[in-house]
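Enquirer: In case you want the letters, here they are:
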Amino acid sequence: MAGEQTIYDAVIVGAGVSGSFIAQALTQAGMQCLVLEAGKDFARSTYPRKEIDANSQLFWSGGIELNTDATIGLLRPKVVGGGSVVNQALADRFDDSAFDGWRDASGVSSLTRSEFEPWYDKAEREIEIRTVPEEYRNGNARVFKAGFDANGYRSALLRRAQGDCHFEDGNCCIECLAGCRIDSKQSMVVTTLKRARAAGLQVISEFEAHRVEHANGEVTVAGVGADKAAASYRGRILVLASGAIGNSRLLLQSGFASRLPALGHNFFTHPQYMNLAVYDEPINSHRGPLQSYKSDDPNFRRSGFKLENVFAPPVAIAMLIPGFGAAHLRHMRNITHLACIEVAVRDTHPGRIRVNPRGGVIVEKKLNDEDARRRDRGRDAIRNIFLATGAKEIIEGNLAIGLHLMGGCNMGVDPVRSVTSPEYRLHGYANIYAGDSSVFPNAPGINPALTIMANSLRAAEQILKDVRR
Amino acid sequence: MTSTILTPAQHSGLLRVGDVLIPGDRQFPAFSRSRCAEHVDRMLAYMNESDLQAIKILLGLFRYLPKLVLRGIMALTDQHRRFPDAIGGPLRMINIAIKGLVMTLYYSDLTEGVSIYELIHWDAKIVEREPLAVDHAPAAINHEPLVMEEP
Numbered sequence: 001m002a003g004e005q006t007i008y009d010a011v012i013v014g015a016g017v018s019g020s021f022i023a024q025a026l027t028q029a030g031m032q033c034l035v036l037e038a039g040k041d042f043a044r045s046t047y048p049r050k051e052i053d054a055n056s057q058l059f060w061s062g063g064i065e066l067n068t069d070a071t072i073g074l075l076r077p078k079v080v081g082g083g084s085v086v087n088q089a090l091a092d093r094f095d096d097s098a099f100d101g102w103r104d105a106s107g108v109s110s111l112t113r114s115e116f117e118p119w120y121d122k123a124e125r126e127i128e129i130r131t132v133p134e135e136y137r138n139g140n141a142r143v144f145k146a147g148f149d150a151n152g153y154r155s156a157l158l159r160r161a162q163g164d165c166h167f168e169d170g171n172c173c174i175e176c177l178a179g180c181r182i183d184s185k186q187s188m189v190v191t192t193l194k195r196a197r198a199a200g201l202q203v204i205s206e207f208e209a210h211r212v213e214h215a216n217g218e219v220t221v222a223g224v225g226a227d228k229a230a231a232s233y234r235g236r237i238l239v240l241a242s243g244a245i246g247n248s249r250l251l252l253q254s255g256f257a258s259r260l261p262a263l264g265h266n267f268f269t270h271p272q273y274m275n276l277a278v279y280d281e282p283i284n285s286h287r288g289p290l291q292s293y294k295s296d297d298p299n300f301r302r303s304g305f306k307l308e309n310v311f312a313p314p315v316a317i318a319m320l321i322p323g324f325g326a327a328h329l330r331h332m333r334n335i336t337h338l339a340c341i342e343v344a345v346r347d348t349h350p351g352r353i354r355v356n357p358r359g360g361v362i363v364e365k366k367l368n369d370e371d372a373r374r375r376d377r378g379r380d381a382i383r384n385i386f387l388a389t390g391a392k393e394i395i396e397g398n399l400a401i402g403l404h405l406m407g408g409c410n411m412g413v414d415p416v417r418s419v420t421s422p423e424y425r426l427h428g429y430a431n432i433y434a435g436d437s438s439v440f441p442n443a444p445g446i447n448p449a450l451t452i453m454a455n456s457l458r459a460a461e462q463i464l465k466d467v468r469r
Numbered sequence: 001m002t003s004t005i006l007t008p009a010q011h012s013g014l015l016r017v018g019d020v021l022i023p024g025d026r027q028f029p030a031f032s033r034s035r036c037a038e039h040v041d042r043m044l045a046y047m048n049e050s051d052l053q054a055i056k057i058l059l060g061l062f063r064y065l066p067k068l069v070l071r072g073i074m075a076l077t078d079q080h081r082r083f084p085d086a087i088g089g090p091l092r093m094i095n096i097a098i099k100g101l102v103m104t105l106y107y108s109d110l111t112e113g114v115s116i117y118e119l120i121h122w123d124a125k126i127v128e129r130e131p132l133a134v135d136h137a138p139a140a141i142n143h144e145p146l147v148m149e150e151p
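Residue numbers (the working numbering), protein chains in the order written: chain A, 1 to 469; chain B, 1 to 151.
None of these hints come from the bench; they were simulated from the model. Among these hints, one or two may not hold up.
Listed below are several chain B residues computed to face chain A (Cβ distance under 7 Å; list not exhaustive) [to be verified]:
1. D19
2. R26
3. M43
4. Y46
5. M47
6. Y64
7. M74
8. R92
9. M93
10. I94
11. A97
12. T104
13. S108
14. I120
15. A124
16. I126
We treat Cβ as the ideally placed atom computed from N, Cα and C, and that holds for glycine.
Model the full assembly from the supplied sequences, consistent with the hints where possible.
Expert: Here it is, written out as structure tokens:
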């Protein structure tokens, strides 16, 4: 087996949001770190341009993975920079309800908004966050706002992790779902990871980790590299940062379930349903900023859902529109006349991640009656919004999209019911850490990206404390 | 046929089911006539082996089915919600797999002779200005080093 004799201070599996934030913190503190990432290392000039290539090359399994009953399509980024390359760059802090839910589920008393505020502040100093100026909000945003106002619903501007998108040039953020070609989106590639590399971080891309071995105070990560050759890397500590499915899969394949019985359990996705409406006049939802508004309605929050004004490229819209043939083509012909609002469910019913004998991921995840009620309440509100703004036809999306993949290595005080300790160490392992979305105790109902950043900074501080002890 | 992953029969099955899903009209080319299927390896090369094998079996079967039957199968998969999960689940999987393959090829604007993007008035763009002068990431906004103080 090929590999290196170097023993790194830290081996980090996953170059997404969490891995990059932790890598920056540890590297800047003087630790010799290696990041292993299964995806490719793109730059703004090399991101795929066609939707077919973006789906194939930036996500696991050629674009989409399905749960066991094919009701949820899971989009799992596979690229250096992770979700920050392909997401819609939303940057919200959690509210008290989210942290209350976390404390209730985990028994970890330190999961409070006041504890996290300084970490949010630190995270926000690492990226630029803006809202979309009124003059650039597009037709889809205007439908959203007008419909909210007509129904007395409360909305707010989305905070987006972006620099200057030069909307005056006619730039369309929907193009940047396959990686931002003007480096405005504050992905890890152009922020934390870049600074970590400048400080000495080593990144190996296109390396798929298959097994973790833990012995004699060291950790070895074995896998297959871009050349299809087996290789392994050693570290004094291991940081798991490949997300809910990635971390669970790696640990399950490595036999950790015998000591961590909750491994792979407590999996949440914020199932998102995109709903389309047809208007007589062009809406041009694809132009300009992709998203400007979100729901900010206390009734919605209490009811367990949120709404966002979103859109998607043609292939994704074609998949959302039911049917085929002439009827399907009629809608695609008028794609510029479509508005879209998404309902994201704060799911209460946990799923489970398993691994089959060939190493394939199996995701068991269903909506229970309460989750279905939350979805339906959101759809009712969307219908009200569309009808109040003159929609001629409403098309309800039936395939849930899972973009926020959380849990599987949930944090908690009980080693039987949780995987990760309040100190971000796997229960029973002094030098294996996780601080990404896999440690979420349950679904917060809020976009997780900024909290993953804050949580990862908090985890990095814990690692540095432990290392210096 | 330029695929190195599909057999000629499987490729033919793709064209047949593609034409059921996208028969085209006076303005839009039918799936097969658009020649977008020549790019199918750009998708298939990244699929899981188990997913790929299942798709190849379906496409091989589709090669020999009359179009009327193909249309009936796709219509049935579109009605997946009417069935209990034991039947509805596999129908959904077939629907997502086949529709995903066909729609991805057609609506990625790979067609020859005519641009699907132009036909649907899809004009999303990014204007790439001159490359940034700096090689390294600029200091973050109010960036402070993350080095922790010694305890």
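Enquirer: A separate judgement is required for each hint: does it hold in the structure or not?
Expert: Outcome of the hint check:
1. D19: violated (10 Å)
2. R26: violated (11 Å)
3. M43: Since chain A brings a Cβ to about 6 Å from M43/B, closer than 7 Å, the hint holds.
4. Y46: holds (4 Å)
5. M47: holds (4 Å)
6. Y64: violated (20 Å)
7. M74: Since chain A brings a Cβ to about 6 Å from M74/B, closer than 7 Å, the hint holds.
8. R92: With a closest approach of 4 Å, the R92/B hint holds.
9. M93: holds (5 Å)
10. I94: It is violated, given that the least Cβ distance between I94/B and chain A is near 9 Å, above 7 Å.
11. A97: Violated. Min distance 9 Å.
12. T104: holds (5 Å)
13. S108: Check passed: Cβ of S108/B comes within 4 Å of chain A, closer than 7 Å.
14. I120: OK, holds: I120/B within 7 Å of chain A, min 5 Å.
15. A124: holds (4 Å)
16. I126: Nearest chain A Cβ about 5 Å off; hint holds.
Hints 1, 2, 6, 10 and 11, counting from the list given before, are not met by this structure.
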